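Student: Take a look at the letters that make up each chain.
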Amino acid sequence: MAAVATGGTGGLGRFALRPEAGSFLGLIVVYTFFAILGGQNFIGSPGWSSWLNTAADVGIIALPVGLLMIAGELDISVGAVLPASSLTVAIISGHFGLPIYLGIASALGVGIAVGFLNGLLVTQTGIPSLIATIGTMFGVMGLTLGFTILIAGSTGVFITPDPLTKSLFGDALGGMFQVAIFWWSGFAAVIYWLLHVSPWGNWIAALGGDRVSARNAGIPTQRLTILLYMLSGFAAAFVGVTQVITFGSAQVAAGSSFIFNAIMCVVIGGVLLTGGSGSVIGIVLGTMTFAIVNQGIFFSGLNPNFGSIVIGALLLAAVLSNDTFHALALRHAAKRS
Amino acid sequence: MSEKIPVLELQRVDKSFGPIEVLNEVSLKVNAGEVLCLLGDNGAGKSTLIKTLAGVHKPTRGKILMDGQEVAFAGPRDAAGRGIATVHQFGGTFPLMSIGRSFFVGVEPTKGWGPFKRFDRKKANEIAVKAVQDFGITRIDDGERLVGGLSGGERQSLAIARAVHFGARVLILDEPTAALGVKQASHVLRIVNETKRRGLAVIFITHQVMHAMAVGDHFAVLIRGAIAADFRKGEKTREEITDLMAGGETMAQLEANVEGNT
Ligand SMILES: Nc1ncnc2c1ncn2[C@@H]1O[C@H](COP(=O)(O)OP(=O)(O)OP(=O)(O)O)[C@@H](O)[C@H]1O
Ligand SMILES: [Mg+2]
Chain A
5 MAAVATGGTG GLGRFALRPE AGSFLGLIVV YTFFAILGGQ NFIGSPGWSS
55 WLNTAADVGI IALPVGLLMI AGELDISVGA VLPASSLTVA IISGHFGLPI
105 YLGIASALGV GIAVGFLNGL LVTQTGIPSL IATIGTMFGV MGLTLGFTIL
155 IAGSTGVFIT PDPLTKSLFG DALGGMFQVA IFWWSGFAAV IYWLLHVSPW
205 GNWIAALGGD RVSARNAGIP TQRLTILLYM LSGFAAAFVG VTQVITFGSA
255 QVAAGSSFIF NAIMCVVIGG VLLTGGSGSV IGIVLGTMTF AIVNQGIFFS
305 GLNPNFGSIV IGALLLAAVL SNDTFHALAL RHAAKRS
Chain L
631 MSEKIPVLEL QRVDKSFGPI EVLNEVSLKV NAGEVLCLLG DNGAGKSTLI
681 KTLAGVHKPT RGKILMDGQE VAFAGPRDAA GRGIATVHQF GGTFPLMSIG
731 RSFFVGVEPT KGWGPFKRFD RKKANEIAVK AVQDFGITRI DDGERLVGGL
781 SGGERQSLAI ARAVHFGARV LILDEPTAAL GVKQASHVLR IVNETKRRGL
831 AVIFITHQVM HAMAVGDHFA VLIRGAIAAD FRKGEKTREE ITDLMAGGET
881 MAQLEANVEG NT
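Protein sequence lines, in the order shown, are assigned to chains A and L. Going by the working numbering, the first sequence opens with residue 5, and the numbers climb by one from there. Going by the working numbering, the second sequence opens with residue 631, and the numbers climb by one from there.
In short, the hints are calculated from the structure, not lab data. Keep in mind that the hints are not guaranteed to be accurate.
Pairwise CB distance ranges (calculated) [unchecked claim]:
hint, chain 1, residue 1, chain 2, residue 2, range
1, L, Asp708, A, Thr36, 24 to 34 Å
2, L, His795, A, Gln226, 19 to 29 Å
3, L, His795, A, Ala257, 50 to 60 Å
4, A, Leu177, L, Ala704, 16 to 26 Å
Which chain A residues stay away from chain L? Per the calculated CB distances, all over 10 Å, these [said to hold, decoys possible]:
hint, residue
5, Phe28
6, Gly178
7, Leu231
8, Leu319
Please read all numbers here as calculations on a predicted model, not as lab measurements. Just so it is clear, CB atoms sit at the ideal spot from N, CA and C, and this is done for glycine as well.
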């Protein structure tokens with residue numbers, strides 16, 4: 005959700021440059037709500053670990069998906085890359101018993117390859133990214149299912165990771181906090197650097213603002229788009245790796261919930277659907293908000309369907325306030341002159 | 631002035647889109663330190679002409695010369711690289727970016743080295759703000775403000791300041807004052823004058839004769855893709871120019887037509 009500057013003679017200024025402010029407010033409201041209903045359990049480590057674990061998985065994917073949305077593109081295929089990656093690890097290192105690093109490297113390679121393909125499709129054919137990545141999603145799903153049945157003879161494959169791998173990707177501190185939370189922090193730091201510190205961030209925002217002008221300004225728009233897709237493929241595959249190592253098994257059907265959840269985290273985090281604007285802190289806050297609702301509902305004793313309604317309402321509120329922010333930023337001019 | 635070599639020159643340029651002929655034997659000269667006003671009715675081919683100059687379209691026939699040498703633009707980037715900058719009606723194309731960031735899109739100043747280069751936001755903001763203030767727009771003092779939050783005139787000024795900062799030699803303005811009120815338009819006109827004073831060649835497209843007369847040194851009227859009149863400052867009165875812009879019909883004829891229709 006975006007912060008909307010009210011009145012003020014100095015105008016929109018710095019405040020509106022911080023769309024995070026609105027996301028933070030949303031987070032506080034939602035947390036307070038579930039803290040009141042959920043009580044001690046939710047406020048204590050059971051609550052924190054449960055929503056942080058959820059946030060970490062979807063958050064690792066939401067970050068690069070957010071970058072893509074800032075650049076004006078969508079990536080639906082993450083929902084198929086995740087199980088494809090899990091199964092790659094399970095088949096190579098579980099079914100065939102090859103070294104685990106080989107399985108992990110191949111899984112990440114699958115993610116990067118699908119991302120590369122997405123990037124090529126979007127930049128070379130002009131097919132809207134929504135459609136192009138739905139296409140690759142079905143393609144990857146079909147291949148995953150086909151190969152898994154062909155090789156393993158079932159839709160689920162098991163693996164017993166060694167202790168080192170387990171502690172790197174699949175352990176839980178105190179039996180509660182998954183290591184994925186630390187990976188998520190790492191991803192957030194790197195992507196924060198990309199978007200807000202390095203000159204690349206400017207290119208990404210320009211790409212989502214106006215592709216033609218960005219290209220005329222000398223930005224390698226096609227290469228940048230392809231790289232962003234490779235990053236989101238990599239992130240989805242990474243979550244696939246942590247999941248297969250955490251659970252010791254991989255299922256063909258896993259992952260589709262990540263598609264909409266990741267997009268919701270990004271939008272709740274204040275990224276404009278039309279691209280051109282967004283922040284990493286916003287995406288992280290949006291992910292936390294989403295995860296708090298998603299898990300808080302179990303602590304609150306409310307009907308689980310209520311959680312979906314809250315998330316739906318949050319999403320609408322976020323889009324409305326993002327649009328208001330956008331409109332205000334543009335309308336501001338008329339008032340001053 | 632006429633013996634100077636023009637910065638940019640068109641020689642008998644035709645442009646057709648398939649069977650549709652839009653430009654017909656257009657010849658024009660643009661000199662450094664001068665404003666060329668391009669006038670013409672809707673659909674006369676003004677936008678097509680400047681897109682040809684900016685490397686978006688390739689001429690079907692005819693020559694484009696820069697400093698007396700024939701050139702062929704590979705694309706808008708090539709033209710921009712040779713110093714031809716186009717500012718569109720709404721100025722900044724990245725409304726949701728800050729002034730400092732949008733000023734430096736594609737040429738970001740950095741500090742640090744290698745893969746750890748950081749975007750130098752402070753420097754970008756300072757340079758951008760200084761560049762606009764040098765044009766007399768002192769109200770812009772914060773490089774963090776969003777471009778979309780600026781007024782139309784301020785946005786035009788920012789875009790012009792940017793082009794000048796990055797060494798443009800020819801500045802093309804496509805109806806920069808069309809959407810502006812009187813006060814804002816006069817700001818932009820002042821900046822056009824300042825740009826000219828700095829030795830750039832300016833091509834100024836407008837429908838408003840008053841705006842054209844306020845800054846123009848040289849005028850060309852385009853009617854159905856051909857140059858119908860080409861004259862210098864002071865050679866024609868406001869009424870004559872208005873008549874020319876109305877497509878060759880006199881104002882009196884136009885009034886008669888309007889009345890005849892009621
Ligand atoms: N890409 C194109 N393909 C076909 N016809 C075109 C193309 N671009 C422009 N035209 C035609 O060329 C003519 C001149 O268009 P242009 O946009 O250059 O006019 P203009 O003088 O800029 O008008 P306005 O004042 O309305 O902006 C129009 O009839 C238009 O339909
Ligand atoms: Mg036009």
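Student: Now tell me if each hint is right for this structure.
Tutor: Okay, the hints, checked on the actual structure:
The hinted window of 24 to 34 Å between L/Asp708 and A/Thr36 is violated, with their beta carbons roughly 58 Å apart. Here the CB-CB span from L/His795 to A/Gln226 is close to 27 Å, well matched to the stated 19 to 29 Å. Between L/His795 and A/Ala257 the beta carbons are some 56 Å apart, a value that agrees with the proposed interval 50 to 60 Å. In this structure, A/Leu177 and L/Ala704 break the distance hint of 16 to 26 Å, their C-beta atoms being roughly 58 Å apart.
Listed as outside the interface, A/Phe28 is consistent with that label: its C-beta sits roughly 19 Å from the nearest C-beta of chain L, beyond the 10 Å cut-off. A/Gly178, annotated as away from the interface, keeps every beta carbon of chain L farther than 10 Å; the closest lies near 35 Å. Every C-beta of chain L lies more than 10 Å from that of A/Leu231, the closest at about 14 Å, which supports listing it as non-interface. Non-interface status of A/Leu319 relative to chain L is upheld: no Cβ of that chain comes within 10 Å, the nearest being about 21 Å off.
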